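Starting from two chains that each stand alone, build the complex the way the hints lay out.
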Amino acid sequence: MKIKYILLGIAFPLFYSCSNDMLDQEPSTSVSDDAIMTDVAAAKTALMGAYAQLGDYRYHTLATVTSDLMGEDLTMTSGAYGFSTYNWLVFSYQYAQTPVDDPWWTGYCAYIWRFAYKSIDQANTIIASAETLKPEGTEKEDMIAQAYGLRAYNFLVLTQLFARAYTDQPDSKGILLRLEPGSSDETQNVPRTTVKEAYQQILSDLTYAYEHCTGTDAQYVNQKGVALLLARTYLNMGDYTNAEKYATLAAGSYTGENLMSQTEYRAGFKDHNKEWLWFFNFTSNTCNLYASIPSFYWYCTDFQGYEYGAKIDPKDVESKATNMLKGYSTVRASASFRDMFEDTDSRKLFPGYVYEEDGYFISKFGHRANIGDAEYPFCRIGEAYLIKAEAELQAGNAAEAKKVLNTLQEMRGATPTDATLDDIWKERRKELYGEGFALNDMKRLHKPLKRTGPDQWAGVKELPANSPRFMLPIPNTEMFYNKKLTAEDQNEYWRN
Amino acid sequence: MHWCVGVSLCCLMIAPVQTTFAAANLNQKFSVELSLTNATLKNVVESLKKQTDIVFAYDLALEGMKVNNISVKAEQEEIGTILDMVFKGTGIAYRIDDHIVVLYSSSSKRIAQVADVKQQARKISGIVKDASGEPVIGANVVVKGTTIGMITGVDGDFELEVPKNAVLQVSYIGYIPQEVAVGSKTSLNIILSEDTQNLDEIVVVAYGTSKKSAFTGSAASIDNTKLQTPSASFDKSLQGQVAGLQVMSSSGQPGSTSSFRIRGSGSLNASNEPLYVVDGVPISANTKYSKLADDNDNSSSILATLNSQDIESITVLKDAAAASLYGSRAANGVVLITTKNGKSGKASVSFNAQFGFSSVPKAYDMMSSAEFYRTKWQSHYDQKLAAGMSAADAASSANTFAQGAITFNPYNVDQPIDANGNLVSGARIIVDTDWQDEIFKTALTQDYNVNVTGGNDKSNYFFSAGYYDQDGVTPSASYKRYSGKGNISSQVTSWLKAGMNVTFSHSVQNMEVGGGAGASPLYNALLFPNGVPVYLTDRDGNPILDASGNKQYNFTNPTSLDFNPIAIPQMDMNRSKNYRFLASAFLDFQLYKGLNFKTVFSPDYIHYSEAKYWNKEHGNGPAYNGRADRYNTTDVMYTSTNTLNYSIQFAKVHNLNAMVGFEYWQSDYERVEAGVTSFPLNGMHELSSGASALSPQSKTTKETLISYLGRIEYTYNDRYNFSVSLRSDGSSVFGQDNKWGTFWSAGASWRIEQENFMKDLTWLDQLKLRLSYGTSGNNQGLERYQSLGLWDTGADYIYGTSSGTGHTQLANPHLRWEKQAMFNMGVDFRFMNRFYGSFEYFHKSSKDLLYKYPLAASNGFESIMMNMAKVSNYGVELTLGAYIFRDTPVKWSVDLNLSSIRDEIKDLVGDDQIISDTKKIWSKGYSQYEFYMPTWVGVDPANGDPLWVKVDANGNRGTTNVYSQATYEKQGRATPNFYGGLNTNLSYKGFDLSLLFAYSWGGMVYDALYSQIMHDGNQAGAQMHKDELSAWTPTNTITNVPKYVNNNTNSSDGVSTRYLYDATNIKLKNITLSYTLPSNLGTVSNVLRGARVFVSADNLFTWFKDDWKGYSDIDIFGVGGYNALTAIPVPRTFTMGFNLNF
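Chains G and Z supply the protein sequences, listed in that same order.
Heads up: the first sequence runs through residues 78 to 573, numbered per this note's numbering.
Heads up: the second sequence runs through residues 53 to 1194, numbered per this note's numbering.
Chain Z extracted, bound-state conformation (with noise of 0.2 angstroms):
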C-alpha cells in the first residue's frame, strides 16, 4: 500500500521540490479544533501546526488562497479524518507523503514548493538509489535538524542547499532511513537498503485488520507473487508455504479440489477443511456440488471460481484467537482471502498472459505384450503338463488360453509358442499397446488478465477480466473459466464510506471417469494389457478399416466391458457448468469519532449445470440404448454481517477497540435431476432426444445460522497487546437440544524489543512472545438433517412402478458441533536486520467429535453419527528467514518453514478397534491415520506362497500363507512426522531466480494401484507390473513376488504391507525465472510503466526416499495416504508468461 503512494507522486512530480519537514508520525492520532473565519490557507495550516507539529508543504502561490469558514472539533483522530474534515469543499487536496502533508489545488493539480526557505550556503546534488542500482523516486531528503528537505524527483535526483557540516537523513517506505553526511562533497550517491520487514504491516484478521506489531493470535500471510500458479485454483500453490498447513491435490483433474489441514486433523467423521472468507464474507467452500463429480470419482473445486489473478493476498489463521470470532466453523482454521483493490493515482492498465504446457513425467513400469504372453502361456502350460496332458497338447492349449484371457492374440501366428516354450520361427508381436502412453498426453494451459486500477483520494476502483483454458492431460479432461471482477469503494461523505465487490466466474469443466469405473481411462490404463489393441487389428497388426476408410476403435478387453479409454471419453460426456456470483456490499457509518457501524450483505450465488451422455454403441450406455442425464444444483446464499466498531486512544499510551456484531447466514439448495434412455441415433445428447423417461429426482435443503459476536483488543503503550472474544451461533443443522454454542478466546502479546532495558541490543529489531488459549467449533461435515430419523424417497426405493423409501438415518437428537480448544504459544523475531523468524507450540484438544459410531449391520445400520470422541493435536512450527545477500546486486534470501504435528485419538467411548475403509485403525493413543493390515513376511522359498504373520492365541508370532487367518497389525501413520518448505530467491537487476520445495519426512502411504497391477493372478485379465516378471519359480526361489497361478485365490494381493512404502519425499514443486524491465527506459516507461516475463516449471522433479513405483504425484492417496481409486496425478508443468503494466 505504501508502495502505491511512491508510485503516484512519482506521476505527480516533475522536478524535485523542497519541503519542509519536522518529526511529527502521521501515524499517530491527533486532536484539533479549528474555529477561523475568512482564513487563508496560511492561517489554517498555521494553526493546524500549532496544535499538530504536522509539517505541510504546498506551493507559496497558494498560501493567500482564500479558504472561507472552517469549524473543526476532533478527538483523537486520524489524520486522514481531520484533513477530510478541514479541507472539504475548499478547493484544496493533500496527500499524505509519510510524514508530510502535501497540499494542493486540486483544480490545479500544482505541487507544493516550499513553506519557508531559508537562505543556506552551500549547494549539493545527489542520487538515491537502491541495491540493485534503481533511483528511487520520492525518497525524503532532509538536512539533520533543521527543516531543510525535499524529495527526489524521477530519476531519484535531488539537489539541496546545506549548511555547513550537514548530515541528510534519507528515507522512504520500504527502505531503513539512513544518515550521510555531506562533508565537502557536492555530488552525493547514496544507496538505500530494503527494509526487509515492515513491522507497521498491517494483517488482515477476523471481521477487520491488525497492526501485525500487536497481533496476539497465529497467522500466516501469503502476498500473490507467491500465489502463481499453473492450476485453476490459488489453493494449490499454498503448499509448502505456510508452516503447519498441509496441502494435498487429490487429483489432476482440470478444476478439481485440494485438501487442507490447518494444524493436523481435529475431526474424524467430520470436514477437517477450513472455513474460507473472501474479504470478509465467509463462502461455501462445499464440495459436494457436482453429482457428475461424485458419480466420477471425481471433484470439482467451487475454489477455482476465484481467479488467482484477482487475490492480493491470502492469510491463514491458525489458533484460536485468531479464528475462534468465526465460532462453529473455526474449527479447522481459517483462510481469509483478500482480493485486489483500486490504487489511487492515474489509471493503471495491467495485462498479462501465460501458456503452460503440462505432462505426466512417470507411469508404472507395465509388462510388454510377450512378457504377459509368456506369463499366462508358461502358467497354463506347467498346470496341465502337471495334469497329465502332452507337452504339444499343453502348449497349444496354453496359447488358446494367454489369447482368449487377452482377448486378442498378439502374435502374428495362433501358436506363437511351441512344446518346448520357444517361440515359432517367423513369429512376432504385433500389437504391443503402452496403455499409459496412450491416454497421457500433452496438454496446454493457457491464462489471460486484464486489469484496471485507479482512484483518487475519495474512491477507487478495480476491474477485471480473466480467461483461464486448461486441457487436461487425460484424453476428455478439461477446464476453462471465464471471471470478473469489480471492486469499487467511495468516501461519500465524511461520516459515509460505502463499497461494492462484485465477483463473476462461469466455467465449464469437462471431467474425466475417475476412480475404478469401467469408464476410467486411468484405470483401464493400468489394467489393459499391452496385448490388446487400440483399434480393431488384422493377423499383420495392420488397422482394419471401415467403409469410409477410418481406423475402427477396438472394445474388447478383458477388464472393462465394452470400453477404450480412448475412445468412450471422445463418445460420452460428462460436463460440468458452474456458475458464480459472489459480491458484498456495505456501508460503512462513522456515528461518533471513532465510533463506526459497518453494515456487510453478501449474496453467494452457485450454479451447476450439468450433462451426463452415454452413447448407444459402447460403454455403460448400451444398457439403455444410450442415456442422457441433467443435473441442475442452485445454492442461494446470503450473509449479513453488522459490526459496530470502537477504538480509542486515551492518555497517548492505551489503544482500545472494541467490537460487537450480528450475523446471519443462509442457504437455499435444490438440485432437480432428470435422464432419458433409449436414444434413436447417436450423438443427440438433449433429453428430448431420448424415447424413454427415467423418474426425475429433486431435493431442497435450507440451513441457517445465526451468530452474535464481540471482540476487545487493548494495547498498552505499543508494547503488551490483549485481545478477548466471544462468539455464539446457533446452527439448524444441530439436534433439536443443542441448537446453539458458545466459543471464546484470549490473547496476549508482549513486544520484548521495546522495553527500556533492550534499547541497547540495537541488532535486536524484534522479539515478540504471544499467547492464546481459546474455543471453537466444527459444524462442517454433517448433512443438513443429520439429527433427524429419515426415511429417504429416491430411485433406489422404487419397487415396480411404486415409489418407495429407504431408512437412511437414525435420529439423534443430541446431535450437536465438534468442540475444540486450542492453547498457542509463539516467539517471533528478528536482528540485524537479516535474519527472522518464529517458533510456535500449540496444543489442540477436540472432543465432542462427530463420529460414525459403528453398529452391528444387523441393526440396518452400520453407523450412527453422534458426538463422541477425543483427539488432541499438538505440533511446532518454525519459520526462519535471511536475507543472505542483500545491499548488494546480487541479492539472495531463503525462507524455511518445518512443522511437526502429531495426532492422537483420546478417546473412543469404549471402542478401541474402528477399522475404517482407508485401511486404518482408530484406536486410543495413536493417530487417526494409523494403518492396519497384514503384515507381509514375503515369500515361502519352498513353494512360492505369499506368507503373511500371523500371531497366535499365545500371541506367538508365526506365518500363514492363508490371507483370511493373518493378523492385522498397527503399521504406523500416513501423516509426516514433518513438513515444510524452503523458498529461495535470487535476483541481479531485473533477472530473478526463485525456487520452491515442498518436503514431506516420515508417514506411510499404500501404493493401492501398484497393488492391483501386483496381482500374482488373483486378477484375471489385469495387466501386470514388469515387477511381476520376477515372480517365484522352481529356479527363482529367493524373491519377493509370489509364485504367478492363473486364476489365483491366495489373495496376495489383498490390502498388506507389501505395498506400504515410507512416504519421505522432495519435491521440487515451483522454479520460476522472471526478467523485469527497468523502470527508467525513457520515453518508453511513459507508456509501458512495468513489464516482466518469465518461464517456470512446476513438479519439476520429486524425490521418494523409497523404492517408489508409482507416478511422481504422492498426493493423490490423499492426507491417509490411501485410495484404492485412481486419480489422474498432477503433472508437470512448464509456464512461460508476460505482465505488462502501462
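Only chain G is shown next, with the shape it has when bound in the complex (with noise of 0.2 angstroms):
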C-alpha cells in the first residue's frame, strides 16, 4: 500500500504547480504601443510602415493610374483585342467607381481611403509622441519632421482626388483631417472640413517637414522633395508666389542640367537619379509585382522588324518585342495623346499598337529583375520647371516663363514652343503622364473632359469643367461610422 502514497505524492503536486502568472503573456512579433511612443528605434520601424501602407498596391497603384484614367489622355485596352483588362481599373476608366467596397474593383475610393489613413495613423502617432520619445537629437528630429511630411503627402493626395479644386470652391467640402492617432473613442471622430482647411493643413505639416527635415536620401521625406510638395500644394491653390519660391527651392536652378538625360528618360523609370527629389523603394523584395504600376503599361524598347511606334500584327507583340516585361499591359496612350508629340521627343515611349481601338503601348515604367520592381517617383524636378513657368506666366512674367518651358522642352527633345497656360498644361501632361498628375490638372485648370478618337470606349466621354464626377466618392467605410459625418457630407454626386 505505501507505493500508493508515494505515487499519488508525485501526482498531487501538478495541483500546484500553476499560478497566475502564467496568464500573462506577451506577444513575441509585435511591438507594444508603449514602445512606439517611447523609443526612437521602435518609432522609426513605424514610419517605416508609414512608408509601406504608402505604397500598397491598393493605394498608390490604384490611386495613381486611377487620376492618370480619369483623364483624358490615357485609355486602357477594352479587353476586346486579346489584351484582357481582368476587370482592373476599368471601372476607374469608365467613372464607374462607387463608395462600396464590393466587388473590390468598384470600390477603389474605399481601398485607397483605408491605407491612406492607416498611414496617417502611423505618422499621427509618432508626432502625438514627440514628447515621449527618447532619445532626443538629430535622428528623432528628422524622424518626427518625416512623419509631419507623409502624413501631409497623404492629405493631399486624398484632397485631390476626393475633394474639389482649390480654385474651384475652396469653401466646399474638404477631407477629414485626423491629425490623432486612431481610437476607439467615438467622440474623437473628425468631420469633413472645407478644402481650405484642408489645404491649410497641409501646408503647415509640409512647413514642418521643411524647417525640420535634416536627411538627404531621397527615398524618405527630405527637405528638397518636401519644397516641391509645397510648390504644388501652393499651386494647387493659385498661389504663384509661393509656388514659384519652393519650386526654386526644390529645383535649384532652371540650367537643365538637374534633369534627366534623354536616354535616362527612354530607358523607362525603375532608378532614381538626380532629377528624383523623392521617390518611393520599391524592391525586388517589397514590390507590388502584377499589381505594380509598371505592370499596368507595356514595357519594350522596340518590336524587332517593325518601325517604332507602327501597328504590331497580334502573334507578334510578345515575339518581337525586345526587352520586354509583361504585366497586366492594360493602360494605353490615345491616339490623340500620341499625336501631340514630336518623334524626336524623348517622353514619346510609345513602340506600337495592335489595334487603332486598342491604343498604343506605353514604355515610360520599366522594370529590373522582375516584374514591378522598379522605384517610383513621387516628386521630380521637371515638375518644378513646369510649376516655375506656370507661377511666372500667372505673374506676368511671360518671358520667364517660357524660357524655362523651353529648357524642359530641348532636354527633351522637343522644339520649343510658346508658353501659354494651355500650352504649359500640355506640357504637363506630356512630361508627367503616368505619375497621377491628369484629374488634378484638370480640376485645377476647370478643364471639361474631352475622350476623342476610337480608342476612347469609354462609356463616359465628355464632362463639363468641374464636374461632380471629377470627385470619387467617400467610402461606405466612413460615412456609416463616423458619427460626426451626415448624408450631406457624401459627395454630391453619390448623394442619393
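Quick caveat, the hints were computed from the structure, so don't treat them as lab data.
Note that the coordinates shown come from a computational prediction; the quantities given were computed from them, not determined experimentally.
Hints should not be assumed to be uniformly reliable.
[As the list claims (entries may be wrong)] Lysine-lysine pairs mimicking PhoX-like chemistry, simulated, CA-CA at most 25 angstroms apart:
| id | chain 1 | residue 1 | chain 2 | residue 2 |
| --- | --- | --- | --- | --- |
| 1 | Z | LYS263 | Z | LYS278 |
| 2 | Z | LYS264 | G | LYS388 |
| 3 | Z | LYS976 | G | LYS561 |
| 4 | Z | LYS904 | G | LYS561 |
| 5 | Z | LYS811 | Z | LYS264 |
| 6 | Z | LYS943 | Z | LYS791 |
| 7 | Z | LYS101 | G | LYS560 |
| 8 | G | LYS301 | G | LYS217 |
| 9 | G | LYS273 | G | LYS347 |
Below, the structure is given as C-alpha cells:
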C-alpha cells in the first residue's frame, strides 16, 4: 500500500504547479504601443510602416493610375483585342467607382482611403509622441519631420481625389483631417472640413517638415522633396508667388542640367537619379509585382522588324518585343495624345499598337529583375520647371515662363513652343503622364473632360469643367461609422 | 459492452451447462465482510451468498479448492471490486454474466458446473433464436421460481430437467426477457425480441460517464455504425443525424474542414465552432494551422487526423447541464469523441477495406463557344452600326473584337460571321472546351484498416493501423493519411488502474488553390470561355506539337493572366504534410472505498510542414522567376487533468456522486516561414535551389488556461436526479482586467414512469422530464494577444531594406470571454417497446459578445474587438423513432429528427446597421444571417436596363437603373426555418439497407458563382451561363436578363436579390446496402468470426425547391449562405467495401 502514497505524492503536486503569472503572455512578433511612443528606434519602425502603407498597391497603384485614367490622354484596352482587362481599373476609366467596397474593382475609393489613413495613423502616433520619444537628437527630429511630411502627402493625395479644387470652391467639403492616433473613442472622430482647411493643414505640415528635415536620402521625405510638394500645394491653391519660391528651392536652378538625360528618360522609369527628389523605394522583395504601376503599362524598347510606333501583328507583340517584361499591360495612350508628341521627343514612349481601337503601348515604366521591381518618383525636378513656368506666367513674367518651359522642352528633345497656360498644361501632360497628375490638373485648371478618337471607348466621353464626377465618393466605411458625418458629407454625385 | 460479454462467453463454452439462479441484481452495490481461515471455495461462496444473494456458478470439482485466508471488508462496492478483493491470488477467476457470477480456475479455464442440481421429473430441450433466426448464444434459461437453469450453447440450444407446470424465463442482454410455459412439450423454439433501448445505457459526459436514465442534461450519441463516411474526417458524416446540430462542409477538397453549429450561432465575430474532446482530453480543432490553406482559400481539417474507423461513439453535449463543466470553452456546445477500447476475451482481429469513386454530378450550364462568340459579336456589331459604320466594316470589326475578347478565334476562318450576321459557308467551330468537364474528374478513395483487440479480466488492449488515400475531383487535390492507435488499460493493483491512449497520424494533403485567385482551377473553369483551347491549337483545331511531339498547354485566356487550370496544378505545388501525436496517460487511484483520484496527462503535438512551389514558366511564378516557400508550424499542447471523485449509496435509495478537479492547459505555437526566388531550372523545389532569398519570418505565441471545477450528482430512488456543476477558468487571452471567469449549471430530471402511480401503465416504458439552466463561456476565435495594442512586424511593413511595423490592433484591456446562459427543458418518452422520442425546448442568451465594433476608417482602423453585443437563440428539437417491423424476419425502423432554431440579435450597443462582407446586416431583432442587399425588380422592357428598388425620402418605393442608387433592404435569413434528417433501416436475414436523408427547409442562399457568369458584359472576358442567351433585345423585351453590352458598367451583376435563392433542399445523403455473413457457418466460423460486405452511395441526389443553377452541393456557400469564392463541391461518391473479423 505504501507505493500508493508515493505515487500519489508524485501526482498531487500537479495541483499546485500553476500560478496566475502563467496567464500573462506577451507577443513575440509585435511591439507595444508603449515602445513605439517612447523609443526612437521603435518609432522608426512605425515610420517605415507608414511608408509601406503608402506603397500598398491598393493605395499607390490604384490612386495613381486612377488619376491618370480619369483624364483624357490615357485609355485602356477594352479587353477586346486579346489584352484582357481582368477588370483592373476599368471602373476608374469608366467613371464607375462607387462608395461600396464590393466588388472590389468598383470600390477603389474604400481601399485608397483605408491605406491612406493607416499611413496617417502611424504618422500621427509618431507626431503625438514628440514629447515622450527618447533619445533626443537629430535622428528624432528628422523622424518627426518625416512623419509630418508623410501625413501632408497623404492629405494632399486624398484632397486631390476626393474634394473639389481649391481654385474651384475653396469652401466646399474637403477631407477628414485626422491628426490624432486612431482610437475607439467615437467622440474623437473628425468631421469633414473644407478644402481651404485641408490646404492649410497640408501647408502647416509641409512647412514643419521643410524646416526640420535633415536627411538627404531621396527615398525618405527630405527637404528638397518637401519643397516641391509645397510648390505643388501652392500651385493647387493658385498662390503663384509661393509656388515659384518653393519650386526654385526644390530645383535649385533652371539650366536643365538637373534634369534626366534623354537616354535616362527613355530607359523606362525604374531607378532614381538626380532629378528624382523623393521616390518610393520598391525592391524585388517589397514591390507590388503584377499589381504594381509598371505592370499596367507595357515595357519594351521596340518591336523587331517594325518601325517604332507602328501597328504590330497581334501574334508578334510578345515574340518580337525587345527587352519586354509584361504585366497586366492594360493602360494605353490614346492616339490623340500620341499625336501631341514630335518624333524626336524622348518622352514619346509608344513602341507600337495592335488595333486602332486599342490605343498605344506605353513604355515609360520599366522593371529591374522582375515585374514591378522599380522605384517610383513622387517628386521630380521636371515638375518644378513646369510649376515655375506656370507661376511666372500667372505673375505676368511671360518671357521667364517661356524660357524655363523651353529649357525643359529642349532637354526632352522637343521643339520649343510658346508658353501660354494651355501650352504649359500640354507640356505637363507630356512630361508627367502616368505619374498621377491628369485628374488634378483638369480640376485645378477648370478643364472639361473631352475624350476623342475610336480608342476612347468608355461610356463617359465628355464631362463639363468642374464636374461633380471628378471626385471619388467618400467610402461607406467612413460614411456609416463616423458619427460626425451626415448624408450631406457625401460627394454630390453619390448623394441619394 | 454487454454484447461483448455474450460473445466471449460463447468462446469459452463448449457445451451447455446448468446454473443455479436467483434474482440478485448485480448492478447494485454490495457490502461484504469476510474473515476466513483455511477456507475452501465452497466456504467462501456460502459466506458471500448469505451476505449478498449473489448467485454463483462453478464446476463442482472446484468446490473443495483451497483458497487459504481471506479477509475482506467492503461497503457499498461494485461487485467487481469485491470479487477482485476476495479472489485475488487464489487461482480463482470470475466472470460476471448478467445475473450470475461464474467462477472457474484461472489455470484450467474450466467452466462451471452446477452448484446444487436437483433431481427433476422431465427432460426438455430447446433452441433460443432471435427474430432473424440467428441462434442466441449464452442466453439464460431458468425455471421460474427455482434455481434451475442453464446458459444456451453455440447453437442457442439448451437442455433442462424441469418440474411439472414449469415456466421458463429466458433472458439475454439486449433482448426483452420472455416467459414460456413448457406444458407438455419436450422441445421448445423460443424467439427473443430485441430490446431496442437499454435504459441502463451509459452515456459519455463531461469528465466521466453517466447512466442515461439519470442524466439531467441534453446530449445525443452517435455510434460508429453511423459514422461511415467516404470523407477523411468523421465530422462530415454527422449531417442530419443529430437534432440541433447543423453541419456544413465548406469544400469537397479532401481533408477540408466543416462548420458545426450546435443550437444556432451565439457569437458574431468569435468562433461558433464547438469544443472537441477526445477520450476526455480537450483537443485543438484550430483550423488556422495551415498557411497554405489560408493563402489558397482552402482548409485543412485537424479533425481529419483522427481516423473515423477508430471512433467508437460521438456524443454531442448541447445544454448547460451537459456542457458547462467545460467552462469558458463550452458555449458552442461540446463534441465528445470516444475511441475504441480493448475488449476482454480472446484476441480478435478485424480488417476492413473500402473503395470509393467520387465525381461531381452537376455543373453550371455554360454557353458554347459559338454562343459566346455570337454574343460578343452582336453587341459590338450593333454598337458600330449605331455609330454609323457600314455593315461590312461593323461585322469585320466585331469579328476582330470577339476573337480578341476570347483571346482565340474558335472558328477555322478569320471572318466567320458576315455583314448580315450569318455564318459564312465553310466556317466551323474548332474549339469548344467544356472547362468544368476538363477540371472535374472521377477520383478514387481507398481506405484500409486493421485492428486487434483483446484482453483479460485485468487488462485489455486495442491497436489499430489505417491507411486512407483520397484523390480529389479536381486536378491536384488529394489527401493521404497513415494512422496508428493504441489503447491499453490495466487494473494494476486492487487500488490502481492505469492506462494509455496513443494516436499518431501523418497526412499529406495536396491542396487545390481555391477562391478567386488566378491559380484556382474552379474559378478558371467558370470564367474561361469555351473558345479558349486547353492546348495550343492550329487553325484546323489540331494541337500544335512541340519538338518532342507533345501537346503544349495554352496559357492565353481573357480572365487569368498566364494560367491554365489543367497545367498549373501539375506544374506548381501546394503540399501540406501534417503530423499529429495525441496521447493521454492516466492513473486512477482508489483512495478509499468510493473515493478515487484520477490524474490524466495529455500531450497533443501538431506539426505542419508545408511546401509551396511556383514554377518559373507560367502562372504566379514568372514574376519571381520561380518561387518556393516552406512553412513549418508546430503547436505543442498539453493538458493535465486531476480529479477527485467520490460516490456513495446509502439507505439503498440515495446515490451521491461528487467530483472536484483541477486542470491546466497550455499551447506553444511556432511558425517559421522561408522562401526563395529565381530558380535556374524548372522542377527544382528546394530552398537551396533558389538564387535569392525572401525575408524569413517566424512567430511564436503561447496561451494558457487554468481551471478549477466541481460537480455533484444526486439520485433519489432512481426517480429524481439532480446535478450541479461549477468551473472557474483563468485564460491568458483575455484583458488584464478580466483574467478569470466562473461558470455553473444546475439540472434535474424526473423519471415519471418509475412512480408507483404509473406502474399500471405497462405500455409506457419511459417518461422522463429534464430541466436545466447554466452558464458557459466562449474564448474561441480570439487571437492570442487580442487585448493588447499591437504594432506587428512583418513583410507587409518593410520599406526598402528597413524593417517596419504596422499598427494592426488597438488596445482593449477589458476584453473577456463571451458569456452565455442556457435554459433547457426536455421530455424523453418510449412506449410499447416500439416507439420512442424526445422533445426539447431551449433558450440560449449570449452576451458580452466579441464584436468587431466598427470604427470610422479615418482612424486607420475599421474595427476594434469589444465585448458588446447580445444575441439569443431559441428553438425546439424533436426526435421520433419507431421499430415498425421488429419481431419479424423483415425488420424496418425509422427515425426522424427536426430542429427549428431562431437566432436574434438583442443588442449592438447603439449600432444598428452593421453590414458584413457576407452581405448581411446586423440589426436588433433580426438574425445575424439576415441578407441585406438591393431588391432586384427585373428588366425594363423599354430598353433592357436592370432595375432595382429605390425607396425615396418619403418612403415611396420606386425603381432605379443606377446600381449605386438602389436601396439596401433586408431580404430574409440564410438559416433554415427547420432542418434535420431521416434515417431508415430495412433488414432481412443478413441484408441491411439504410437510407439517410438530410433536409433543410427555408432560408436563403446567394449564388455568387452564378452572378459571376450572368454578368451582362460587366466582366470583360468572362464566360457566361446559357441563361444569358435570353438577355433583352429589341425583339425579346419580356425577360429577366438585362441587355448584354460589351464592357458594361451598369453593375447589373452587383449584389442583389437577382441571385438570391430559397435554400430549401432535401439530400439523399447516404444509401447503404450491406450483407453480413451468418455466424453459424460451421468450421468457417471458427476462423472467420464475422464478415460484412457493403455498397453505398453518398450525396446521390439533392432536390431543390428553387430553380437552383449551381452545383448539387449548396453547403459550399456556408452557414451564412454566401461565399463569393469558388470551392470544390462535395462530390457524389460510390463506395464498396468489406469488414472481416477473425
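Quiz prompt | Restraint status (C-alpha distance of Z/LYS976 to G/LYS561 at most 25 angstroms) | solution = 23 angstroms, holds
Exercise. Verify the proposed pairing of Z/LYS943 with Z/LYS791, using a straight-line Cα cut of 25 angstroms.
Key: Violated. Z/LYS943 to Z/LYS791 sits at ~56 angstroms, over the 25 angstroms cutoff.
Exercise. Mind checking the alpha carbons of Z/LYS263 and Z/LYS278 for me, to see if they're no more than 25 angstroms apart?
Key: 22 angstroms, holds
Exercise. For the pair we were handed, Z/LYS811 and Z/LYS264, check the Cα-Cα distance against 25 angstroms.
Key: 20 angstroms, holds
Quiz item: Between Z/LYS264 and G/LYS388, is the straight-line Cα distance small enough, at 25 angstroms or below?
Solution: 84 angstroms, violated
Quiz prompt | 25 angstroms Cα cutoff - pair Z/LYS904, G/LYS561 | solution = 20 angstroms, holds
Quiz prompt | Restraint check for Z/LYS101 with G/LYS560, where alpha carbons must lie at most 25 angstroms apart | solution = Given pair Z/LYS101, G/LYS560 is violated - Cα atoms ~84 angstroms apart, limit 25 angstroms.
Quiz item: Does the alpha-carbon distance linking G/LYS273 and G/LYS347 stay inside the 25 angstroms limit?
Solution: The hint is violated at about 36 angstroms.
Practice problem: Mind checking the alpha carbons of G/LYS301 and G/LYS217 for me, to see if they're no more than 25 angstroms apart? | Solution: Given that 25 angstroms is the threshold and the Cα spacing comes to 19 angstroms, the pair holds.
When each numbered hint is compared with the structure, violations occur for hints 2, 6, 7 and 9.
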